Amino acid sequence: NAGVTQTPKFRVLKTGQSMTLLCAQDMNHEYMYWYRQDPGMGLRLIHYSVGEGTTAKGEVPDGYNVSRLKKQNFLLGLESAAPSQTSVYFCASSYSSGDTDTQYFGPGTRLTVL
Amino acid sequence: KQEVTQIPAALSVPEGENLVLNCSFTDSAIYNLQWFRQDPGKGLTSLLLIQSSQREQTSGRLNASLDKSSGRSTLYIAASQPGDSATYLCAVLRGDDMRFGAGTRLTVKP
Numbered sequence: 001n002a003g004v005t006q007t008p009k010f011r012v013l014k015t016g017q018s019m020t021l022l023c024a025q026d027m028n029h030e031y032m033y034w035y036r037q038d039p040g041m042g043l044r045l046i047h048y049s050v051g052e053g054t055t056a057k058g059e060v061p062d063g064y065n066v067s068r069l070k071k072q073n074f075l076l077g078l079e080s081a082a083p084s085q086t087s088v089y090f091c092a093s094s095y096s097s098g099d100t101d102t103q104y105f106g107p108g109t110r111l112t113v114l
Numbered sequence: 115k116q117e118v119t120q121i122p123a124a125l126s127v128p129e130g131e132n133l134v135l136n137c138s139f140t141d142s143a144i145y146n147l148q149w150f151r152q153d154p155g156k157g158l159t160s161l162l163l164i165q166s167s168q169r170e171q172t173s174g175r176l177n178a179s180l181d182k183s184s185g186r187s188t189l190y191i192a193a194s195q196p197g198d199s200a201t202y203l204c205a206v207l208r209g210d211d212m213r214f215g216a217g218t219r220l221t222v223k224p
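Residue numbers (our numbering), protein chains in the order written: chain L, 1 to 114; chain D, 115 to 224.
In isolation and in its complexed conformation, chain L is listed as follows (with noise of 0.2 angstroms):
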């Protein structure tokens, strides 16, 4: 049981390259997030999916897209990278959104946009 994976783990990136970080989770949840770190602040949840085939923004989703075709995979994609994109990336996921439910966090992936 592996729980939350990220791929990949590190990227740099030049201003305007495009790129799709994976998320993946074989804890049958239903829910999954797409949340962003920068130095001194906390989590800011970028875009965010209720179950298969459903995406919704959160706080900061300008400049980033997002897919979830299969229920364990929650994909977040950049399509022209900016610097101020640079940032830690954390995919999380849960059972649901009820008062009992944590998330579950994968290892991060950390992202450098020159």
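Don't read these hints as lab results, they were simulated from the structure.
Model, not experiment: these values are computed from the prediction.
Built from N, CA and C at the ideal position, the CB exists for glycine as well.
Some but not every residue of chain D turned toward chain L, in silico, with C-beta under 7 angstroms:
no. : residue
1   : Y145
2   : L158
3   : L163
4   : F214
5   : A216
Restricting the straight-line Cα-Cα distance to at most 27 angstroms, the calculated cross-link-like pairs of lysine-lysine (DSS-like) are:
no. : chain 1 : residue 1 : chain 2 : residue 2
6   : L       : K57       : D       : K115
7   : L       : K71       : D       : K156
8   : L       : K70       : D       : K156
9   : L       : K9        : L       : K71
10  : D       : K156      : L       : K9
11  : L       : K14       : D       : K156
12  : L       : K57       : L       : K71
13  : L       : K70       : L       : K57
14  : L       : K57       : L       : K14
15  : L       : K57       : D       : K156
Please build the complex by placing chain D on the supplied structure of chain L, with the hints as guidance.
Showing chain D alone in chain L's frame:
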């Protein structure tokens, strides 16, 4: 808009000391509050979850309290150990929206 604040931003204590980390939030209409631990270069691990109807939760040397009316939570760590050194984040959940504090970086010196 929910704002979550954690004070202090950093804390250094000698081994064996009891300590308290603080978390405050501006909107009391929450589903739950969670405390997470984050080790350098790693993801977050959930430590304690307090439902909105509860006032505290305990796990081993950790005790978390919740006072919704004042918008405050505390994480109490008893008999701190060097292995407790990490960043501790609190987060509040309302609907599908979880908001995090910036964290308290704790160092426990041997």
